[in-house]
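> The residues making up each chain are set out below.
Number of protein chains: 2
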Amino acid sequence: MRDPKLQAFGQRVRELRKEQGYSQEQFADLAGLDRSYMGHIERGEKNITLLKIYQISHALNLSPKDLF
Amino acid sequence: MRDPKLQAFGQRVRELRKEQGYSQEQFADLAGLDRSYMGHIERGEKNITLLKIYQISHALNLSPKDLF
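For the protein sequence lines, the chains are A and B, in the order given.
Under this note's numbering, think of the first position of the first sequence as 411, with each following residue one higher.
Under this note's numbering, think of the first position of the second sequence as 411, with each following residue one higher.
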C-alpha cells in the first residue's frame, strides 16, 4: 500500500511528532501503537483507520484536523 | 464497532452530505462507496480507513480536515 495521500499523512505525523520532541519509539508507546507499525504509518505504508488517527492526534494533544 | 468518535465522524459526514443536497445513495455512488457501507459509516458503525476518508472528502469537494 503506497499512495501519495498516505505518504503526505505520514510525513505530517512525523513532522508533528518531531516538533513535540518525541522519538518514534517514545511516540509509538505514548499512542499505544506498535513501534514498527508507527514506522510504517510515517512512511505512508499503512492505510490506517479512523480510530488510530484519533489515537495519534490524542497522543499529540491535537485535533485530528491538524493531521491533514 | 460502536464508538462515540466514529459516531461523531459519521454524523459530520451526514450533515455535510445533506448540506450539499445529496441523498445517501447519490453520495455513495459519487464517492465510489457501496450504498449500504455509506449507511454504516454515517451511523458510526465502521472504523473506516484513511483512503476512504479521502474518497469522502474528495466527493464533497472538501479537505479531510473538514470532516472532523
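If you're looking for bench data, these hints aren't it; they were derived computationally from the structure.
Don't take every hint at face value.
Any copy, or any two copies together, can satisfy a pair, since identical chains are not distinguished.
[To be verified] Here are the simulated BS3-like cross-link-like pairs (lysine-lysine), alpha carbons at most 25 Å apart as the crow flies:
| no. | residue 1 | residue 2 |
| --- | --- | --- |
| 1 | 428 | 456 |
| 2 | 462 | 475 |
| 3 | 415 | 475 |
Everything numeric in this text was worked out from a predicted model, so none of it was measured.
> Hints first: check each against the structure and report whether it holds.
Hints and how they fare:
| no. | hint | verdict |
| --- | --- | --- |
| 1 | 428 to 456 | within (20 Å within a copy, 31 Å between copies) |
| 2 | 462 to 475 | both (14 Å within a copy, 16 Å between copies) |
| 3 | 415 to 475 | both (15 Å within a copy, 13 Å between copies) |
In this structure, none of the earlier numbered hints is contradicted; all agree with it.
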